[in-house]
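Those letters in the sequence shown? Residues 144 to 380, by the numbering used here.
Just so you know, not all the hints are guaranteed correct.
Restraint ranges, calculated between C-beta atoms of paired labels, are given here [unchecked claim]: (1) GLU306 - SER359: 33 to 41 Å; (2) GLY287 - SER343: 36 to 44 Å; (3) GLU306 - LYS206: 40 to 48 Å; (4) GLY167 - SER258: 29 to 37 Å; (5) GLY167 - ALA309: 23 to 31 Å; (6) LYS282 - ARG333: 36 to 44 Å; (7) ASP356 - ALA244: 38 to 46 Å.
Here are the computed lysine-lysine pairs in the DSSO-like style, where the Cα-Cα straight-line distance is at most 27 Å [what the hints assert, rightly or not]: (8) LYS206 - LYS364; (9) LYS301 - LYS273; (10) LYS273 - LYS286; (11) LYS301 - LYS251.
In short, the hints are calculated from the structure, not lab data.
Heads up, the beta-carbon is just placed ideally off N, CA and C, and yes, glycines get one too.
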Amino acid sequence: MEKAKEAEEAAGPDGLLLIDKPAGLSSHDIVLIARRAYGQRSIGHLGTLDPFATGLLVLLLGKSTRLANFLDIEPKVYEALIRFGGETDTDDSTGTVTRTAAAPSAEKVRDAIVSLTGAIAQTPPDYSAKSVDGQRAYKAARKGTPIALEPAQVTVHKWDLREQTADSLLATITCSGGTYIRSLARDLGRATESAAHLESLRRIAMGSLNVSDAMSIEALKSAHTRPHRLDVVVSNG
Numbered sequence: 144m145e146k147a148k149e150a151e152e153a154a155g156p157d158g159l160l161l162i163d164k165p166a167g168l169s170s171h172d173i174v175l176i177a178r179r180a181y182g183q184r185s186i187g188h189l190g191t192l193d194p195f196a197t198g199l200l201v202l203l204l205g206k207s208t209r210l211a212n213f214l215d216i217e218p219k220v221y222e223a224l225i226r227f228g229g230e231t232d233t234d235d236s237t238g239t240v241t242r243t244a245a246a247p248s249a250e251k252v253r254d255a256i257v258s259l260t261g262a263i264a265q266t267p268p269d270y271s272a273k274s275v276d277g278q279r280a281y282k283a284a285r286k287g288t289p290i291a292l293e294p295a296q297v298t299v300h301k302w303d304l305r306e307q308t309a310d311s312l313l314a315t316i317t318c319s320g321g322t323y324i325r326s327l328a329r330d331l332g333r334a335t336e337s338a339a340h341l342e343s344l345r346r347i348a349m350g351s352l353n354v355s356d357a358m359s360i361e362a363l364k365s366a367h368t369r370p371h372r373l374d375v376v377v378s379n380g
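Produce the complete structure using the sequences and hints provided.
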């Protein structure tokens with residue numbers, strides 16, 4: 144019994160960690176930091192965040208990685224700042240501007256948001272991890288030969304408009320998993336006969352999990368926080 148306990152402790156802890164990811168780090172970077180901090184090789188994450196994005200990243204440690212498909216992590220909630228006037232090749236602020244247009248009227252934006260609410264067919268960004276015939280879309284895009292990606296069905300439950308200026312829109316967006324907020328920004332620009340990209344993105348929540356309960360990257364590095372038990376977030380459905 145004692146040897147089994149020692150072996151389990153040596154293998155690292157099990158459970159769930161909520162991280163407030165800073166900008167500039169990839170989701171995989173966060174996993175590597177957690178592996179070093181907790182001495183646990185078996186760590187995965189739920190719902191990738193692009194390096195420029197911030198907010199809630201959920202890590203699963205040890206045996207808990209086996210329960211990923213049973214966790215209730217929908218809907219997802221994001222705070223998005225959309226900038227009108229220019230579309231980029233990445234659909235966000237890290238890319239190169241490919242098209243410019245005058246900013247739309249507030250009325251056009253409101254009408255377009257209605258058309259981008261509910262179940263919609265959404266084409267992923269050229270720079271995404273989608274794979275076609277074994278080739279990653281972002282790798283093809285970097286080579287200058289972007290792949291024609293098929294639209295996917297996603298659901299945008301709600302847009303809460305928080306602030307609107309002549310050339311920007313700040314909104315809290317509640318959506319299903321698989322929704323690309325970058326694509327929403329791009330499509331909002333096109334639907335208003337303008338051009339737009341996602342300037343900044345912060346994930347606020349995934350199901351019942353909220354960024355207000357997440358630890359900072361500094362706290363993660365110290366490994367002082369014990370992973371949460373998973374019984375509080377496993378779906379009953």
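Here is how each hint holds up against the structure:
| no. | hint | verdict |
| --- | --- | --- |
| 1 | GLU306 - SER359: 33 to 41 Å | violated (26 Å) |
| 2 | GLY287 - SER343: 36 to 44 Å | violated (27 Å) |
| 3 | GLU306 - LYS206: 40 to 48 Å | holds (44 Å) |
| 4 | GLY167 - SER258: 29 to 37 Å | holds (34 Å) |
| 5 | GLY167 - ALA309: 23 to 31 Å | holds (29 Å) |
| 6 | LYS282 - ARG333: 36 to 44 Å | violated (25 Å) |
| 7 | ASP356 - ALA244: 38 to 46 Å | holds (41 Å) |
| 8 | LYS206 - LYS364 | holds (21 Å) |
| 9 | LYS301 - LYS273 | holds (25 Å) |
| 10 | LYS273 - LYS286 | holds (16 Å) |
| 11 | LYS301 - LYS251 | holds (17 Å) |
In summary, the structure is inconsistent with hints 1, 2, 6 from the numbered list given earlier, while agreeing with the others.
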